[in-house]
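Number of protein chains: 2
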Amino acid sequence: MGVKVCKFGGTSMADAAAIENVAKIILSDNSRRYVVVSAPGKRNKEDIKITDLLYECNREAVENGDCSKSFSKIKTRYIEIANDLKSDVDIESILEETEKEINRLKSSDFAASRGEYLNAIIMAAKLNFKFIDTAEIILFDQNGNFDSESTNALVGEKLKSSDYAVLPGFYGKDRNGNIKTFSRGGSDITGAIIARAVNAELYENWTDVSGFLACDPRIVENPRQIAVLSYKELRELSYMGASVLHSESIFPVRKGKIPINIKNTFKPEEKGTMILPSEMYHKSGNVVTGIAGKKDFTVINIEKSLMNNELGFARRVLSVLEQYNISFEHMPSGIDTLSLVIETATLQNGMLETILEGIKKEVSPTYLYVTENIALIATVGHGMTSSVGTAGKLFSALASENINVKLIDQGSSELNIIVGVDNSDYEKCVRAIYKAFK
Amino acid sequence: MGVKVCKFGGTSMADAAAIENVAKIILSDNSRRYVVVSAPGKRNKEDIKITDLLYECNREAVENGDCSKSFSKIKTRYIEIANDLKSDVDIESILEETEKEINRLKSSDFAASRGEYLNAIIMAAKLNFKFIDTAEIILFDQNGNFDSESTNALVGEKLKSSDYAVLPGFYGKDRNGNIKTFSRGGSDITGAIIARAVNAELYENWTDVSGFLACDPRIVENPRQIAVLSYKELRELSYMGASVLHSESIFPVRKGKIPINIKNTFKPEEKGTMILPSEMYHKSGNVVTGIAGKKDFTVINIEKSLMNNELGFARRVLSVLEQYNISFEHMPSGIDTLSLVIETATLQNGMLETILEGIKKEVSPTYLYVTENIALIATVGHGMTSSVGTAGKLFSALASENINVKLIDQGSSELNIIVGVDNSDYEKCVRAIYKAFK
Numbered sequence: 001m002g003v004k005v006c007k008f009g010g011t012s013m014a015d016a017a018a019i020e021n022v023a024k025i026i027l028s029d030n031s032r033r034y035v036v037v038s039a040p041g042k043r044n045k046e047d048i049k050i051t052d053l054l055y056e057c058n059r060e061a062v063e064n065g066d067c068s069k070s071f072s073k074i075k076t077r078y079i080e081i082a083n084d085l086k087s088d089v090d091i092e093s094i095l096e097e098t099e100k101e102i103n104r105l106k107s108s109d110f111a112a113s114r115g116e117y118l119n120a121i122i123m124a125a126k127l128n129f130k131f132i133d134t135a136e137i138i139l140f141d142q143n144g145n146f147d148s149e150s151t152n153a154l155v156g157e158k159l160k161s162s163d164y165a166v167l168p169g170f171y172g173k174d175r176n177g178n179i180k181t182f183s184r185g186g187s188d189i190t191g192a193i194i195a196r197a198v199n200a201e202l203y204e205n206w207t208d209v210s211g212f213l214a215c216d217p218r219i220v221e222n223p224r225q226i227a228v229l230s231y232k233e234l235r236e237l238s239y240m241g242a243s244v245l246h247s248e249s250i251f252p253v254r255k256g257k258i259p260i261n262i263k264n265t266f267k268p269e270e271k272g273t274m275i276l277p278s279e280m281y282h283k284s285g286n287v288v289t290g291i292a293g294k295k296d297f298t299v300i301n302i303e304k305s306l307m308n309n310e311l312g313f314a315r316r317v318l319s320v321l322e323q324y325n326i327s328f329e330h331m332p333s334g335i336d337t338l339s340l341v342i343e344t345a346t347l348q349n350g351m352l353e354t355i356l357e358g359i360k361k362e363v364s365p366t367y368l369y370v371t372e373n374i375a376l377i378a379t380v381g382h383g384m385t386s387s388v389g390t391a392g393k394l395f396s397a398l399a400s401e402n403i404n405v406k407l408i409d410q411g412s413s414e415l416n417i418i419v420g421v422d423n424s425d426y427e428k429c430v431r432a433i434y435k436a437f438k
Numbered sequence: 001m002g003v004k005v006c007k008f009g010g011t012s013m014a015d016a017a018a019i020e021n022v023a024k025i026i027l028s029d030n031s032r033r034y035v036v037v038s039a040p041g042k043r044n045k046e047d048i049k050i051t052d053l054l055y056e057c058n059r060e061a062v063e064n065g066d067c068s069k070s071f072s073k074i075k076t077r078y079i080e081i082a083n084d085l086k087s088d089v090d091i092e093s094i095l096e097e098t099e100k101e102i103n104r105l106k107s108s109d110f111a112a113s114r115g116e117y118l119n120a121i122i123m124a125a126k127l128n129f130k131f132i133d134t135a136e137i138i139l140f141d142q143n144g145n146f147d148s149e150s151t152n153a154l155v156g157e158k159l160k161s162s163d164y165a166v167l168p169g170f171y172g173k174d175r176n177g178n179i180k181t182f183s184r185g186g187s188d189i190t191g192a193i194i195a196r197a198v199n200a201e202l203y204e205n206w207t208d209v210s211g212f213l214a215c216d217p218r219i220v221e222n223p224r225q226i227a228v229l230s231y232k233e234l235r236e237l238s239y240m241g242a243s244v245l246h247s248e249s250i251f252p253v254r255k256g257k258i259p260i261n262i263k264n265t266f267k268p269e270e271k272g273t274m275i276l277p278s279e280m281y282h283k284s285g286n287v288v289t290g291i292a293g294k295k296d297f298t299v300i301n302i303e304k305s306l307m308n309n310e311l312g313f314a315r316r317v318l319s320v321l322e323q324y325n326i327s328f329e330h331m332p333s334g335i336d337t338l339s340l341v342i343e344t345a346t347l348q349n350g351m352l353e354t355i356l357e358g359i360k361k362e363v364s365p366t367y368l369y370v371t372e373n374i375a376l377i378a379t380v381g382h383g384m385t386s387s388v389g390t391a392g393k394l395f396s397a398l399a400s401e402n403i404n405v406k407l408i409d410q411g412s413s414e415l416n417i418i419v420g421v422d423n424s425d426y427e428k429c430v431r432a433i434y435k436a437f438k
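Protein chains in written order, with my numbering: chain U, 1 to 438; chain H, 1 to 438.
Extracted from the complex, chain U is given alone in its bound form:
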């Protein structure tokens, strides 16, 4: 029988009732052997996530050496959960120890990791599974980057001796023995790492929605749900803002060619979204699988006569960005023109001016000007661009809504067309594309 690795998100683990529900799901299928949990999320709109409270604790520890103000709220939540679950975990002692360590270490990563840590201990007891701390098996290298191959070997080895286990998501340990977290939402990555290491037949990622939607439901009412996605489509949609799954969680499972099933903890009977490696993937009926986008890009426009004859022109422009550690998203070009599309957030505090100065020095452009407040929208679907008429449909839809297309980029991926529009046209643009390909 194949092994399933299940990851449960914060809303699925927000209180005792939710945890009871999760336990029922896990125990209903005994191939669900490895469980990765997030920290308790929000129980209602006004609630604060445990992880946010923990970051606050660390700030207090750094400033006053005492995090008790925020930690008291954390204590209350966990004690309530443990009591409601009639847990035999000595949660109060563990909490006391945790508070001391937060005050002592003053490490943001350590503090943040404790939400998952505590939740995993409670969950392991509830399920009568073994608790295995991911600090012992998920490794980061000397540069603070996740060390995928060492981790894979170590996790595989360690889990051999445990048929059933609960593991905290979100963190591991670096070479100096310090706790190090992934970026926010990183429990998705932990689950994917475990799934790869145990060569799971399926990685179930349980959350509070029934999978991926074809576009943002805050923009389009009741968008179509996506039944099947390829890894690549997922990667493109995630990168461009679809936020069900952490965009980096794809890499471990891709290496192991393991399907991911996004499931709804509160509607476990629904099929959710299945994410498949290309070997298993067959294109479904829709030309466009999904639409995702992000606002707030800045476009630096460079014009120079005979630019194309100047060998290394673009390379020199890009070297300026690199010098200041700035990434670019796209580089559309015309004759004698080159545009750099950059996340506006990375150009704050005079960085834009510094970059412009650098470009002036490096390539002496004839004109150099900036367009701000650009939103990028990716329309994604396998074989989409090789399907005749996709671009026509897309741009006709934008035209009929009077949307001015600022830039277009369609490269080799045959998987997406990216358009740039004014921030103010973003929602209208997503709606128009969705409607055109419904």
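Honestly, the hints are just simulated from the structure, not real lab data. Incorrect hints may appear among the rest.
Here are the simulated DSS-like pairs of lysine-lysine, each with C-alpha atoms no more than 27 Å apart in a straight line [stated by the list, open to error]:
#: 1; chain 1: H; residue 1: K283; chain 2: H; residue 2: K393
#: 2; chain 1: U; residue 1: K45; chain 2: U; residue 2: K24
#: 3; chain 1: H; residue 1: K106; chain 2: H; residue 2: K86
#: 4; chain 1: H; residue 1: K435; chain 2: U; residue 2: K393
#: 5; chain 1: H; residue 1: K86; chain 2: H; residue 2: K100
#: 6; chain 1: H; residue 1: K393; chain 2: U; residue 2: K295
#: 7; chain 1: U; residue 1: K86; chain 2: U; residue 2: K100
#: 8; chain 1: H; residue 1: K360; chain 2: U; residue 2: K255
#: 9; chain 1: U; residue 1: K438; chain 2: U; residue 2: K295
#: 10; chain 1: H; residue 1: K173; chain 2: U; residue 2: K361
#: 11; chain 1: U; residue 1: K257; chain 2: H; residue 2: K304
#: 12; chain 1: U; residue 1: K255; chain 2: H; residue 2: K304
#: 13; chain 1: U; residue 1: K295; chain 2: H; residue 2: K304
#: 14; chain 1: H; residue 1: K49; chain 2: H; residue 2: K294
#: 15; chain 1: H; residue 1: K438; chain 2: H; residue 2: K393
#: 16; chain 1: U; residue 1: K106; chain 2: U; residue 2: K75
#: 17; chain 1: U; residue 1: K360; chain 2: H; residue 2: K255
#: 18; chain 1: H; residue 1: K45; chain 2: U; residue 2: K283
#: 19; chain 1: U; residue 1: K294; chain 2: H; residue 2: K294
#: 20; chain 1: H; residue 1: K283; chain 2: U; residue 2: K435
#: 21; chain 1: U; residue 1: K304; chain 2: H; residue 2: K257
#: 22; chain 1: U; residue 1: K130; chain 2: U; residue 2: K24
#: 23; chain 1: H; residue 1: K45; chain 2: H; residue 2: K295
#: 24; chain 1: U; residue 1: K360; chain 2: H; residue 2: K257
#: 25; chain 1: H; residue 1: K255; chain 2: H; residue 2: K295
What follows is a set of in silico ranges between Cβ atoms, one per label pair, in the way DEER data are often shown [as the list claims (entries may be wrong)]:
#: 26; chain 1: U; residue 1: S364; chain 2: H; residue 2: D90; range: 47 to 53 Å
#: 27; chain 1: U; residue 1: L306; chain 2: H; residue 2: I219; range: 24 to 30 Å
#: 28; chain 1: U; residue 1: Y55; chain 2: H; residue 2: K294; range: 26 to 32 Å
Using N, Cα and C, we set each Cβ at its ideal position, and we do this for glycine too.
Since chain U is already given, all that's left is putting chain H on it; use the hints.
Leaving out everything else, chain H in the frame of chain U:
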């Protein structure tokens, strides 16, 4: 009264009758003070251009030290022209001297330049204008690049003392005193240089067509003629293959903000195409000014997970191209994908393989593959991309013709949309776009 600089192309100067006609045009307007001439072109389809014969002469001179075989044909043409014009130029002596020099110098640039040289002498005598050899006034620097500012000063100075002059196009002199030519069609550049230096009110470029057509007449029957073009539109159309005017001739006149008028020597009453600096340019009725394109590009497609997180990824890819002196035309990108669009002609003799090897070493891509036989088509028009619906119309037109769009690039120029299609779809694509915007 303003000064006009006139350049006459090869077909306009192909024989005595044509030259008589040109003389009439020049003398009909006494503001036509500086005349730049090409070498005699073809008199009929089977004819050989003088310049081609001169390159052949140089080959003979290099191989046998004697170019008389091909030079005899040149002699016949010029003697015929001089006789028919009843010219008092001692053309036979000049030809004899020229033949000796070709044999002695064995310089391809020198040989090629003699067509314009001889024609200018004959034309100056015909008009009773002064002959001024451009070898004395158009300068190239130590790297063989045109030295625009030194030339501009020198031409301005030298022409002050000549109210009326004929100058040979196509060439100048380098720092070592050797004749150096521009690329083929370079008499257009000479004319533009003279126009700038004398601060002409107009640069008339006389050729055998009545100006620019909205697209290639070999593809679309009787395409619309373009009445007014901006410098920028001209540059984009020329770069992408519209061949009425040498693409580099724009730079000198742009500096001087001098309008260019493309005129037909054989229909001098027609208005031709007026090319204006942006200060003088007002958009006419057509959204799309023109369509131009080129076949035979190769696309190198690079895929790598998390490429966008890898600072300097694109810069390193481009450094490989630079190392081998290869220019790229466009670099469309998706998420985790990057494509390089390169002229196929520059990737011959194993260069493609060398580049692929270099990219592999430099950035270790996950996938690396090549798409060949791609044609690029630029649809050009001022303000086109800010005109709502242009992209929709364009791509709908391609869809209705079942054309598969391989890549799209629309950057900041607001002046063009570039699409990539299979070579085999090239003509169909141009026709479809022309029809859509007729």
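Going through the hints against the structure:
Straight-line distance between C-alpha atoms of K283/H and K393/H comes to about 19 Å, which keeps the hinted pair within the 27 Å bound. Between K45/U and K24/U the alpha-carbon distance is near 25 Å, which keeps this suggested pair within the 27 Å criterion. With a C-alpha separation of about 32 Å, the suggested pairing of K106/H with K86/H is violated against the 27 Å cut-off. A threshold of 27 Å between alpha carbons decides the hint, and for K435/H with K393/U the separation of about 18 Å falls inside it, so the pair holds.
About 25 Å separates the Cα atoms of K86/H and K100/H, which keeps this hinted pair within 27 Å; it holds. Taking the CA atoms of K393/H and K295/U, the gap is near 26 Å; set against the 27 Å cutoff, the hint holds. Between K86/U and K100/U the alpha-carbon distance is near 25 Å, which keeps this suggested pair within the 27 Å criterion. Distance restraint check for K360/H and K255/U: the Cα-Cα separation of roughly 20 Å lies within the 27 Å cut-off, and the hinted pair is therefore satisfied.
In summary, the hint linking K438/U to K295/U is supported, as the alpha carbons are separated by about 23 Å, within the 27 Å threshold. Distance hint between K173/H and K361/U is unfulfilled; the C-alpha atoms sit about 31 Å from each other, more than 27 Å. At roughly 17 Å between alpha-carbon atoms, K257/U and K304/H fall within 27 Å of each other, so this suggested pair holds. Distance restraint check for K255/U and K304/H: the Cα-Cα separation of roughly 13 Å lies within the 27 Å cut-off, and the hinted pair is therefore satisfied.
Only pairs whose Cα atoms come within 27 Å are accepted, and K295/U paired with K304/H is accepted, the gap being roughly 24 Å. As the CA atoms of K49/H and K294/H are separated by approximately 24 Å, the hinted pair is consistent with the 27 Å bound. A hinted pair counts as satisfied when its Cα atoms are at most 27 Å apart, and K438/H with K393/H qualifies at roughly 12 Å. Taken as a hint, the K106/U and K75/U pair is honoured in the structure, with Cα atoms around 18 Å apart against an allowance of 27 Å.
Straight-line distance between C-alpha atoms of K360/U and K255/H comes to about 20 Å, which keeps the hinted pair within the 27 Å bound. Of the pairs offered as hints, the one joining K45/H and K283/U is violated, with about 54 Å between alpha carbons and a cut-off of 27 Å exceeded. A distance of roughly 35 Å separates the Cα atoms of K294/U and K294/H; the hinted pair therefore is violated under the 27 Å criterion. As the CA atoms of K283/H and K435/U are separated by approximately 34 Å, the hinted pair breaks the 27 Å bound.
With a CA separation close to 17 Å, the supplied pair K304/U and K257/H stays within the 27 Å bound. Annotation: proposed proximity of K130/U to K24/U holds, straight-line Cα distance about 17 Å (limit 27 Å). Of the pairs offered as hints, the one joining K45/H and K295/H holds, with about 24 Å between alpha carbons and a cut-off of 27 Å not exceeded. Restraint check: the Cα-Cα separation between K360/U and K257/H comes to about 24 Å, which is no more than 27 Å; the hinted pair holds.
Under the criterion of a C-alpha separation no larger than 27 Å, the hint pairing K255/H with K295/H is inconsistent with the structure, at around 31 Å. About 50 Å separates the C-beta atoms of S364/U and D90/H, a value consistent with the hinted range of 47 to 53 Å. Distance hint for L306/U and I219/H: a CB-CB separation of about 27 Å, consistent with the stated range 24 to 30 Å. Hint check: Y55/U to K294/H, Cβ distance near 56 Å, so the stated range 26 to 32 Å is violated.
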